[in-house]
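S.K.: Take a look at the letters that make up each chain.
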Amino acid sequence: RKEVEQDPGPFNVPEGATVAFNCTYSNSASQSFFWYRQDCRKEPKLLMSVYSSGNEDGRFTAQLNRASQYISLLIRDSKLSDSATYLCVVILNTGNQFYFGTGTSLTVIP
Amino acid sequence: ETGVTQSPTHLIKTRGQQVTLRCSSQSGHNTVSWYQQALGQGPQFIFQYYREEENGRGNFPPRFSGLQFPNYSSELNVNALELDDSALYLCASSLSLANTGELFFGEGSRLTVL
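For the record, the sequence lines run as chains W and L. In this text, residue positions in the first sequence follow my numbering: the first is 545, and each later residue adds one. In this text, residue positions in the second sequence follow my numbering: the first is 1417, and each later residue adds one.
Hint data in this document are derived by calculation from the structure and do not stem from the laboratory. From a predicted model like this one, the values you see are computed outputs, not experimental measurements. Note that beta-carbon positions come from the ideal geometry of N, C-alpha and C, so glycine has one too. Any given hint could turn out to be false.
Computed far set for chain W versus chain L, every beta-carbon distance over 10 Å [stated by the list, open to error]:
{"hint": "1", "residue": "V548"}
{"hint": "2", "residue": "D551"}
{"hint": "3", "residue": "G560"}
{"hint": "4", "residue": "S570"}
{"hint": "5", "residue": "E587"}
{"hint": "6", "residue": "G602"}
{"hint": "7", "residue": "V652"}
Label pairs and their in silico Cβ distance ranges [what the hints assert, rightly or not]:
{"hint": "8", "chain 1": "W", "residue 1": "E549", "chain 2": "L", "residue 2": "D1500", "range": "29 to 35 Å"}
{"hint": "9", "chain 1": "L", "residue 1": "Q1433", "chain 2": "W", "residue 2": "N609", "range": "44 to 50 Å"}
{"hint": "10", "chain 1": "W", "residue 1": "A611", "chain 2": "L", "residue 2": "R1479", "range": "38 to 44 Å"}
Generate coordinates for the entire structure from the input sequences, incorporating the hints supplied.
M.R.: Below is the structure:
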């Protein structure tokens, strides 16, 4: 079983839409959670960390549900520039290995 | 501050050959990790180096090996190449072992094995 599971999409949404991505993780020893963004043929970059209390950065909101082992990312008022692949990332409490999901592809359509 | 740089950016090899990929970490970063990203997949952890020593390894066979140098740059070596080794190889650096969650990736080396 994979450490991190994501719906690969693709998600095609119109500009201005709200879109949500979900991610589940299998290991209850997971301690840290993140969303990375990867543009086409580019390297992944950290988008935001995910905290149990939930956190927001502008149009982006991330949530963590430890009981269900579930992470989400909500994007409000989608922009064309949000088109990318969004990678869910988990780190176990054993330390140094980042487990990436397969990524969810988003295309925002004019 | 210079970012993570990798070389070569693209290369083509044949089955059974060996390849060396190189990475210069971001200035001030002493930890380097290598990832393999196959088409349509997320990056898969190969191994990590901290102060010239391997500090964790993913589920990759021994023909994947690495080095870290005193200046914290790193190499990934793959022997006896197989077709399935075709992928984007990403190097990421970070500041110490503190898992702040931010890995700084290079643009990758795209390997094609024929």
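S.K.: Does each hint fit the structure? Answer for all of them.
M.R.: So, going through the hints one by one against the coordinates:
1. Once the 10 Å rule is applied to beta carbons, V548 (chain W) is inconsistent with being away from chain L; the minimum gap is 8 Å.
2. The beta carbon of D551 (chain W) sits about 13 Å from the closest Cβ of chain L, which is more than 10 Å, so the claim that it is off the interface holds.
3. Chain L leaves G560 (chain W) outside its interface by the beta-carbon criterion, the shortest separation being 28 Å against a cut-off of 10 Å.
4. With a cut of 10 Å on Cβ distances, S570 (chain W) stays outside the contact zone with chain L, its closest approach being about 14 Å.
5. Not every Cβ of chain L is farther than 10 Å from the Cβ of E587 (chain W); the closest lies at roughly 4 Å, contradicting the non-interface assignment.
6. Non-interface call for G602 (chain W) relative to chain L: holds, since the shortest CB-CB distance, roughly 18 Å, exceeds 10 Å.
7. At roughly 20 Å, the least C-beta separation between V652 (chain W) and chain L is larger than 10 Å, which holds for a residue marked as non-interface.
8. A hinted range of 29 to 35 Å for the beta carbons of E549 (chain W) and D1500 (chain L) is inconsistent with their spacing of about 22 Å.
9. The beta-carbon spacing between Q1433 (chain L) and N609 (chain W), approximately 47 Å, falls within the hinted interval of 44 to 50 Å.
10. A C-beta distance of roughly 41 Å is found between A611 (chain W) and R1479 (chain L), which places it inside the suggested range of 38 to 44 Å.
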